[in-house]
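2 protein chains.
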Amino acid sequence: MGESIHATKLAILNASERLVAAHGFGATSLRAITSAANVNLAAVNYHFATKDALIVAMLNRRMKPLNDARLDLLDKFEKDAGDAPVAVEKILEALFRPILELIARPAKGGRNFLRLLALCLAEPGAFLKPLVQKEFAEKNRRFHRALRRSLPELSDVEVHWRLHFAHGAFFHAVAHSRVLELSSGGRCRLTNCGSVLERVINFCAAGLRSPA
Amino acid sequence: MGESIHATKLAILNASERLVAAHGFGATSLRAITSAANVNLAAVNYHFATKDALIVAMLNRRMKPLNDARLDLLDKFEKDAGDAPVAVEKILEALFRPILELIARPAKGGRNFLRLLALCLAEPGAFLKPLVQKEFAEKNRRFHRALRRSLPELSDVEVHWRLHFAHGAFFHAVAHSRVLELSSGGRCRLTNCGSVLERVINFCAAGLRSPA
DNA sequence: CCTTGATTCAAACGAACGTTTGAATTATTA
DNA sequence: TAATAATTCAAACGTTCGTTTGAATCAAGG
Chain A
1 MGESIHATKL
11 AILNASERLV
21 AAHGFGATSL
31 RAITSAANVN
41 LAAVNYHFAT
51 KDALIVAMLN
61 RRMKPLNDAR
71 LDLLDKFEKD
81 AGDAPVAVEK
91 ILEALFRPIL
101 ELIARPAKGG
111 RNFLRLLALC
121 LAEPGAFLKP
131 LVQKEFAEKN
141 RRFHRALRRS
151 LPELSDVEVH
161 WRLHFAHGAF
171 FHAVAHSRVL
181 ELSSGGRCRL
191 TNCGSVLERV
201 INFCAAGLRS
211 PA
Chain B
1 MGESIHATKL
11 AILNASERLV
21 AAHGFGATSL
31 RAITSAANVN
41 LAAVNYHFAT
51 KDALIVAMLN
61 RRMKPLNDAR
71 LDLLDKFEKD
81 AGDAPVAVEK
91 ILEALFRPIL
101 ELIARPAKGG
111 RNFLRLLALC
121 LAEPGAFLKP
131 LVQKEFAEKN
141 RRFHRALRRS
151 LPELSDVEVH
161 WRLHFAHGAF
171 FHAVAHSRVL
181 ELSSGGRCRL
191 TNCGSVLERV
201 INFCAAGLRS
211 PA
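Protein chains in written order, with this note's numbering: chain A, 1 to 212; chain B, 1 to 212.
Think of the hints as simulated: they come from the structure by calculation, not from any bench.
One thing to keep in mind: the hints can contain errors.
Copies of the same chain look alike in the list, so a pair counts if it works inside one copy or between any two.
When the alpha-carbon atoms are kept at most 30 Å apart in a straight line, the in silico DSSO-like pairs for lysine-lysine are as follows [what the hints assert, rightly or not]:
# : residue 1 : residue 2
1 : Lys-9     : Lys-51
2 : Lys-129   : Lys-108
3 : Lys-51    : Lys-134
4 : Lys-129   : Lys-51
Just need the whole structure built from these sequences, with the hints factored in.
Okay, structure coming up:
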């Protein structure tokens with residue numbers, strides 16, 4: 001071992017991930033975090049210097065692996081396709097599946113990380129936006145390029161719009177699945193991630209391919 | 001007049017709407033609000049009793065008119081259609097257009113209200129969720145029923161899922177249009193709301209109508 | 001065993017927060 | 001104009017926050 005993160009640091013990251021996802025950024029105090037992590041209050045400032053730095057570290061821990069997984073999957077599909085453009089469904093799968101696999105693995109953040117992402121988009125905190133934008137910049141470029149190849153009849157800006165729509169359909173569906181659960185009277189849930197992936201890919205692929 | 005809201009109350013509502021949309025719930029202090037509204041600090045507690053009550057009032061001011069406009073539009077389209085089911089595009093228009101018209105009218109909240117809605121969904125504040133859910137319950141029922149009539153080949157739960165996807169595609173697109181602006185290098189903007197409405201309706205209608 | 005550095009701990013700091021108070025001021029009514 | 005209610009105001013209250021501090025504890029090497 002030796003390479004692994006300090007136990008205290010890890011406990012703080014896990015506790016803050018859970019609590020911030022449950023109560024939001026501002027409403028989660030360092031005292032609540034350190035208490036849940038069974039560490040001393042000053043441990044946060046010792047290991048992360050400041051609360052903002054802790055939040056950034058908490059996000060970075062999950063962000064990079066997620067986007068790497070998406071890009072790796074897209075790479076794989078592009079290699080499988082050879083010279084032909086990748087099917088729209090495959091591009092969407094590369095974009096969506098890593099998030100659903102994250103949800104299924106509570107040890108890797110699970111649903112909590114999705115709530116953090118939603119908070120990042122909604123909360124206009126100055127230090128969060130750049131982090132998200134920089135982290136997602138390459139991902140957006142790669143997926144936009146792949147879609148343009150697969151949908152050559154669409155203009156550049158049209159692909160931008162539709163990719164945005166597709167991302168919104170999926171992200172909203174999984175991040176705010178509670179809303180669907182309630183409005184459907186509990187008949188629609190996020191338990192069976194495989195069927196959700198099939199459904200949302202089917203929906204978005206039709207939208208992407210729709211004639212202008 | 002006399003019927004209209006107190007000037008101080010209105011100044012507080014306007015200032016809090018702007019500041020909360022810009023900085024989030026927790027990060028917006030009553031001192032910042034009252035200072036921006038040019039009223040005394042204690043005016044908030046005098047007119048709204050508490051900060052939480054102010055936020056609820058701030059949301060209620062925009063929420064009801066928005067959903068009423070959507071339901072009115074759906075009513076109109078249903079009357080126009082007579083006994084036939086309403087076209088999917090019309091149902092989506094009834095769902096989306098009132099929000100875009102809100103955006104175009106800064107005096108009625110404009111883009112700020114959208115950010116508040118996104119915050120409501122993301123921030124797990126206990127007092128916000130019920131407000132949104134209760135307010136949107138009837139709207140969801142009405143639009144689900146209309147869609148089922150127009151898409152009789154889809155099952156009940158399938159319509160729930162696809163309506164959720166459609167709402168996500170639109171809401172994410174308009175609430176987080178900044179993300180699209182950046183990832184498209186400024187080529188995609190939310191200025192021309194008409195073209196956005198056309199685009200998102202086209203996308204979602206294709207998704208809704210897609211064979212299972 | 002002693003020393004050195006890393007980590008933990010209890011305690012406190014100053015700042016900012018939502019809220020309350022009671023007097024001053026303004027508006028309303030008779 | 002006098003009396004009454006509504007509103008504004010400056011000041012303060014108690015709490016909670018993120019952060020700092022300096023001593024205590026632990027780990028490891030010479």
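Verification of the supplied hints:
1. Lys-9 <-> Lys-51: within (13 Å within a copy, 35 Å between copies)
2. Lys-129 <-> Lys-108: both (22 Å within a copy, 26 Å between copies)
3. Lys-51 <-> Lys-134: Within. Shortest intra-copy distance 21 Å satisfies the 30 Å Cα cut-off; inter-copy 35 Å does not.
4. Lys-129 <-> Lys-51: both (16 Å within a copy, 27 Å between copies)
Against the hints set out earlier in the document, no violation occurs for any number.
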